[in-house]
Amino acid sequence: MEIPSPIGPSLNLVPIQADDQAVLFSLMDKIYRDAYRYVWGDQGDWYVNLIYNPETLQKELNRARSHYFFVESDAVKIGILKYDFPFSPREIQIPNSMKLHRLYLHPDFHGKGIAKRLVEHCEKISLENGLESIWLEVMSCQPQAKRFYEKMGFSHLLSYQLDFEMLLPEYRGIEIWRKVLGKNLQSAQSAFSAEI
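Using the UniProt record's numbering, the first residue of the sequence shown is number 1, and each one after it goes up by one.
Do not take every clue at face value.
Pair ranges (Cβ atoms, derived) [unchecked claim]:
no., residue 1, residue 2, range
1, K30, G113, 39 to 49 angstroms
2, V76, F164, 26 to 36 angstroms
3, P54, G182, 34 to 44 angstroms
4, G130, M166, 37 to 47 angstroms
Note that these hints are calculated values from the structure, not bench results. Just so you know, these numbers come straight off a predicted model, no measurement behind them. Ideal Cβ placement from N, Cα and C applies to all residues, glycine included.
Taking the hints into account, I'd like the entire structure generated from these sequences.
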């Protein structure tokens, strides 16, 4: 699936299959550790091995709500995108929504507008499926990620603590952020205007 853009590299989303596990693991072993090594007591070994092993991948691919892709730029795998819908977090009800579950890009492709295009793609898919919002989780210790999502129209809803034993205690804070989608935001604003 091509992500159109008038500028920048050509982007494609290529569905991840079970037999892509070794490629996925290798890609994310590099990308994830580069970004998050410092938050783990074991440099991220436990997490990478848990999330990108064959059993976890198969379980995620079997879920009808999951949509899992390699992000390719000019036919080179540069990251992953995963979204799930309809899906609400356990910690707070966000009905009729998409979870932007994973968006990771190789550092060489940061700052090129690719993440923005991927979030816009998620918004388009959400609207096409009649969803009202998109939500995500972001670590409290990632100010750059929070600034990006704020620019994209997301806002903070809730903070809580992860209980992963290998995660260093000072980095266990995680936040749920949500974006109400345009069409639904306009409807909500119209209803509010009619009331006053």
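Hints, one by one, checked against the model:
1. Between K30 and G113 the C-beta distance comes to about 22 angstroms, which lies outside the given range of 39 to 49 angstroms.
2. Distance hint check: the CB atoms of V76 and F164 are about 32 angstroms apart, consistent with the given range 26 to 36 angstroms.
3. Distance hint for P54 and G182: a CB-CB separation of about 39 angstroms, consistent with the stated range 34 to 44 angstroms.
4. Distance hint for G130 and M166: a CB-CB separation of about 39 angstroms, consistent with the stated range 37 to 47 angstroms.
Going through the hint list in order, the structure does not satisfy hint 1, though it satisfies all others.
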